[in-house]
Amino acid sequence: MYEMIAFYLFSALTIVLFLITVMSKNVLYAMTALASGMVLISGFFFILGADFLGVVQLIVYVGAVMALYSFAMMFFDATRDIKEKNTPASLIFLLGGLSALVLVLMFAAPIHSEAIQALYPIHEGVGNAQDVGIVLFTKYLVPFEKMDQSLTKDTSVDAEDEILIQKDAK
Amino acid sequence: MIGLSHYLIVSAILFSIGLMGVLRRRNLLMLFFATEVMLNAVNIAFAAFIIAIAASEVAVGLGILIVLYKKHGSLDLDDLASMRG
Chain A
71 MYEMIAFYLF SALTIVLFLI TVMSKNVLYA MTALASGMVL ISGFFFILGA DFLGVVQLIV
131 YVGAVMALYS FAMMFFDATR DIKEKNTPAS LIFLLGGLSA LVLVLMFAAP IHSEAIQALY
191 PIHEGVGNAQ DVGIVLFTKY LVPFEKMDQS LTKDTSVDAE DEILIQKDAK
Chain B
47 MIGLSHYLIV SAILFSIGLM GVLRRRNLLM LFFATEVMLN AVNIAFAAFI IAIAASEVAV
107 GLGILIVLYK KHGSLDLDDL ASMRG
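Protein chains in written order, with the numbering used here: chain A, 71 to 240; chain B, 47 to 131.
Isolated chain A (complex conformation) (with noise of 0.2 Å):
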């Protein structure tokens, strides 16, 4: 009962908060609503027994990702109004609605909600960033690696942009 009014609520607050993310002109309020968007997900993660997944969500993009942004904001004017030249509204509902129609058809197709398994299950007992930490580190050890990689090189490079960026600025 109590999880199906969860998932009601947050469904319906991370379409609203989205929706004002795509459409609003201003970027702070975007950018706001983005974050607040991103925390509601984590409750999915939550109400699905997924802990680990959750508290990484909550940690890397609200706290990491969106920090980011927000430094970034302060090269920009954020606020200023951003004026947008648009395409007609009826052409994006037409496109918006095709490609949305498509992709209920692709996740529809396949669901009779049984045929799909956990590739992973929970198991009883074993901690959830237990479960997470066998599998990254038997079957995706090396994606895992190479992922860490790219990360820690795109990190480096971000500084090198900052250092440029304050060259430029002298």
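By construction, these hints were calculated from the structure, which means they are not laboratory data. Certain hints may be false.
Stated by the list, open to error - Here are the in silico distance ranges between beta carbons for each label pair:
hint: 1; chain 1: A; residue 1: N96; chain 2: B; residue 2: I96; range: 43 to 53 Å
hint: 2; chain 1: A; residue 1: I204; chain 2: B; residue 2: L126; range: 38 to 48 Å
hint: 3; chain 1: A; residue 1: G119; chain 2: B; residue 2: I96; range: 12 to 22 Å
hint: 4; chain 1: A; residue 1: M71; chain 2: B; residue 2: L114; range: 46 to 56 Å
hint: 5; chain 1: B; residue 1: I110; chain 2: A; residue 2: K95; range: 20 to 30 Å
hint: 6; chain 1: A; residue 1: K153; chain 2: B; residue 2: L69; range: 37 to 47 Å
hint: 7; chain 1: B; residue 1: M47; chain 2: A; residue 2: L98; range: 33 to 43 Å
hint: 8; chain 1: A; residue 1: E194; chain 2: B; residue 2: L126; range: 52 to 62 Å
hint: 9; chain 1: B; residue 1: L126; chain 2: A; residue 2: V174; range: 30 to 40 Å
hint: 10; chain 1: B; residue 1: A127; chain 2: A; residue 2: S160; range: 21 to 31 Å
hint: 11; chain 1: A; residue 1: M143; chain 2: B; residue 2: D125; range: 11 to 21 Å
hint: 12; chain 1: A; residue 1: G195; chain 2: B; residue 2: I55; range: 41 to 51 Å
hint: 13; chain 1: B; residue 1: S51; chain 2: A; residue 2: G195; range: 40 to 50 Å
Unchecked claim - The list that follows gives simulated cross-link-like pairs (lysine-lysine, DSS-like), each with its CA atoms no further than 25 Å apart:
hint: 14; chain 1: A; residue 1: K216; chain 2: B; residue 2: K116
hint: 15; chain 1: A; residue 1: K216; chain 2: B; residue 2: K117
hint: 16; chain 1: A; residue 1: K223; chain 2: A; residue 2: K153
hint: 17; chain 1: A; residue 1: K153; chain 2: B; residue 2: K117
hint: 18; chain 1: B; residue 1: K116; chain 2: A; residue 2: K223
What the hints assert, rightly or not - Rough simulated footprint, nothing fancy, chain B against chain A, three-plus residues with beta-carbon under 8 Å:
hint: 19; segment: 76-90
hint: 20; segment: 129-135
hint: 21; segment: 139-146
hint: 22; segment: 161-169
hint: 23; segment: 187-201
Heads up, the beta-carbon is just placed ideally off N, CA and C, and yes, glycines get one too.
Using the hints, position chain B against chain A.
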């Protein structure tokens, strides 16, 4: 009772919102936000470690964005179409 299909439908709705944003936005920063919405939608559906990929995308993309803004003074896609040939 909430089943798998509920989550998939929510994720599909969120994904189409993001897709609509990508189609409609002309400002590069807002385009990034819309991409972020799409990544989050996929994250609900597959619960995979897309999070790390999203983080590296932001790290690289924002650096490029800042350099572009320094160079052109705006982030509008129509202004940036300088390679018309």
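Checklist entry - Failing hints, ascending? => result 1, 6, 12, 13, 14, 15, 16 and 23
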